[in-house]
Structures are given as C-alpha cells and as structure tokens.
Amino acid sequence: MRRLVVAAAAIVAFFATTMTPGHAGLPTNPPPDKIVIDIATVNGSGCPAGTAAVAVSPDNTAFTVTYSDYLAQVGVGSSSTDFRKNCQLNLAVHVPQGFTYAIAEADYRGFAHLEKGASGVEKANYYFQGHSQTTAISHTLNGAYDDNWQNTDTTDVAQLVYLPCGESRNFNINTELRVNAGTSDPTKTTSFMAMDSTDGSITTTYHWAWKTCP
Amino acid sequence: MLKQLTIGGAAAAILVSLTPATHADTAPPADRITVDVKTVNGSGCPQGTATVTELSDNTGFTVKYSDYVAEAGAGAGSTDFRKNCQLSLLVHVPQGFTYAIAQADYAGYAHLQSGATGLEQANYYFQGNSETVAVGHPLSGPYDGAWHNTDRADVAALVYKPCGVDRILNVNTELRVSTGDSDAANTTSYMAMNTTQGGVDTIYRFQWKRCS
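First to last, the sequence lines map onto chains A and B. Heads up, the first sequence is in the UniProt record's numbering, so the first residue is 1 and it goes up one at a time. Heads up, the second sequence is in the UniProt record's numbering, so the first residue is 1 and it goes up one at a time.
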C-alpha cells in the first residue's frame, strides 16, 4: 500500500520550490483578510439538478464539487448528443479591501475509457460575469486509454481580478467534456469520459507578493 | 494567462523535508481529531442511495450504499464497468498537535467469472491540492463472495495546513470490473460495495508535532 506521506511531501515540495520566490521591495506582511469564495449555482447538461454536491471549506477559500452523472460518451449505447456535456459553476468571489493578489487553482478529476483512435477533451472556461473576456484551458486525452485522469489549472488572480477592491463579482467556471470517436469503431465500441470532481481554491495565505488597493 | 501546473515530479525528492516532528512532546493534547461527512456523491452513490451514520464523538462514520455496483458483460451498460463514490470529509485538527492514524474499511460482494478482474480503489486528496494518492485492491475471478479491504493512512502526513485550520479531505472510491478473458457475451461479472467505514483515532504513542 502506498503511504499517504507522499502527498504531503509533494505539498511541501510545491510550496518550497514553486512558491518561494521572493519579490524584493514588496510589503512583507500579508493583509489580515482573505479572498473568499462561495458557490452560487451549479448547472449544465453534465450536472442537472440533484446530481452535484458541493463542499466548501470552513474558511471559504476552497471548494469541492462532486458529480454523479457527468459523463460524455460516443458509440454503443450513446445518443447523438452525448458526446459533449458541460457544467457551469457560478462562484461569488469576495475580494477584501487592501489587496488583490492571490493564486487560484482548479483540479479536475475523473475516469476515461477511450478506444484506440478516439480522443477526449476536458476544457474549462474562466470568466467574470458581465465580461466578455474568457480564458479557456483544455486538456486532451488520446485513446487507447482506460484509467483515471486529473488536470490542474492555475492562475494568478491579480490578472483576473480587475474589479474594484472590496467589491464582489460572480466568477464562472464552465467546464465541459467532449469525446470524439475518431478512427475507432463507434458501432462496436464505446468511448467515454467522466468527471468525478472539481476542486477550486484561492490561496492568499501563502503570499508571494502583495498588491495594495489604491 | 492561465497555465498548467506540473507538480508530479517533485514528490519523491522532497520527502526528507517533510519528515515530520523530530521533537517529541510529552503531554498529549486534550482535544481530538474529528471527522464530519459533508457530502457523498458519485455515479455509484447518486442522491438518495447512500446513508451516513456518524459516531457520537465524531471520530468515525459509516456510509451504507444501496446501489453501488460496477458490472461488465452480458446485460451491462457500456459505461457500467466503473462506478465511483466520493466522500468529502471535514477533518478537524485541533490546535496544539498532531499525530493520528486514519483508517478506512471498504466491504462488499463480488461475482467475477473466471478470467474477469475487479478493482476497489480509493483516491485520497485534500481539497485545493493536486496531489492524489491512490490505494487499490484488485480481485481476480473466479470469485464469488464477500470482500473486505482496509486502508490506513498517517494523518499527520496529510495535514499540511497550519495547525487549527480545517480542511476537507476527499476520499473518492471506485469499483472497476473488466471481463478480461471471460465470456462477456454470455456471462456477467460485477463488484458491489455495501459499506465504507472511516475513523480517526488519536494515537498518543507516536511523536508529536507541535504547532508553531
């Protein structure tokens, strides 16, 4: 059995190596408040009512959404529109007075069975409500594949958060799964991609550098 | 703007820097580690199919499933060979220590044809953290009977946040069945999970890590 110590080791490694870089000349004391998030709505063809569950951390800096029916498929047993499913998370993000700098991270986990020649895509669109600008990140899996998958997107919130300090605005994460039969034989086989969970977090307690509101 | 992050490679190298707590503390803390089941959801445990019972002192819980079955072969749907059920657990680690052992027991029934295989696997990760640890228990057919698997984890190693901060631990279990060399056209193999039991025991005989 693998020991879970590996997980923590990597975490330390992550913060020690990736997050250590010092930004000389910036304020050393982090602001006392934090960016906090709440999930306002969860909806989409991949997460109809009653199929998604949300668990928010007690300090509102992280959340987990789990799905019971978020699966895109092609081939035997599939209907013509099943190749693409989506689920949009609408988050209320509160940025307190005093700073606008943080790191946001999203982790997507699931399972895929892709026949040889088939492919699957997990894609997430990130955007603030009312803004046309979206950022899309996609991850492709190629068959033959038959195992769990996991993707991580990270972003510098300072680049995303250009709303006035102290205000809240809804932030959307629109995820989608797509499966393409490609050169596989959809009359004899099935390829599918399922999402088990989406995790989001905003890390402001591990400060790299702080930007003060004017 | 956004970019992918790769963490994987760093894991093994830094094990040394994580090795917890060389300074032992004599007095154990008065408080306990507790666990609350926040959500239960997945393709193997859709809404209304799982019941949670928590111990009165919040040191453990039991989840019972009524419809957590993965199956393959005759009569099975093409995506039924893999089902999952994710538990989101709020693990409370009180100020002042910690060291403890977490244990999870998984039990169910399996009917696997000769040549078929089954897998019970639990994937553990902390919310907001990319690192996932998978612990799997394979079964080989022919098999027809109950199965029971136990995972034990060092919670101190899992707790990376500053002491006193509560964090959600996700335990994503899955069942997979493969028909393998069995006769998939005429026979069916399946694996079902009936219960998951989890617990956190605050163990005092190990070393303590004091919060700074």
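Hints are computed from structural coordinates only; laboratory data are not their basis. Yeah, the Cβ is synthetic: ideal placement off N, Cα and C, and Gly gets one too. Some hints could be false.
Just some of the chain A residues that point at chain B, by a computed CB distance under 10 Å [what the hints assert, rightly or not]:
#1 D38
#2 T41
#3 T61
#4 T66
#5 Y67
#6 V121
#7 Q129
#8 S132
#9 N142
#10 F192
#11 G200
Going through the hints against the structure:
Because the closest C-beta pair between D38 (chain A) and chain B is about 14 Å apart, greater than 10 Å, the hint is violated. A hinted interface residue such as T41 (chain A) counts as satisfied when its beta carbon comes closer than 10 Å to some beta carbon of chain B; here the least separation is about 17 Å, so the hint is violated. Below 10 Å, beta-carbon pairs count as interface contacts, and T61 (chain A) has one with chain B at about 7 Å; its hint therefore holds. Hint status for T66 (chain A) relative to chain B: holds, with the closest Cβ pair at about 4 Å, below 10 Å.
The restraint placing Y67 (chain A) at the interface with chain B holds, with a minimum CB-CB distance near 7 Å, inside the 10 Å limit. With its C-beta approaching chain B no nearer than about 14 Å, V121 (chain A) sits outside the 10 Å limit, and its interface hint is violated. Annotation: Q129 (chain A) was flagged as interfacial toward chain B, and the flag is violated, the nearest CB pair being 17 Å apart, outside 10 Å. Hint status for S132 (chain A) relative to chain B: violated, with the closest Cβ pair at about 15 Å, above 10 Å.
For N142 (chain A), the interface hint is violated, the least distance from its beta-carbon to any beta-carbon of chain B being 17 Å, above 10 Å. Here the hint on F192 (chain A) is kept, as its CB sits about 5 Å from the closest CB of chain B, short of 10 Å. Because the closest C-beta pair between G200 (chain A) and chain B is about 8 Å apart, less than 10 Å, the hint holds.
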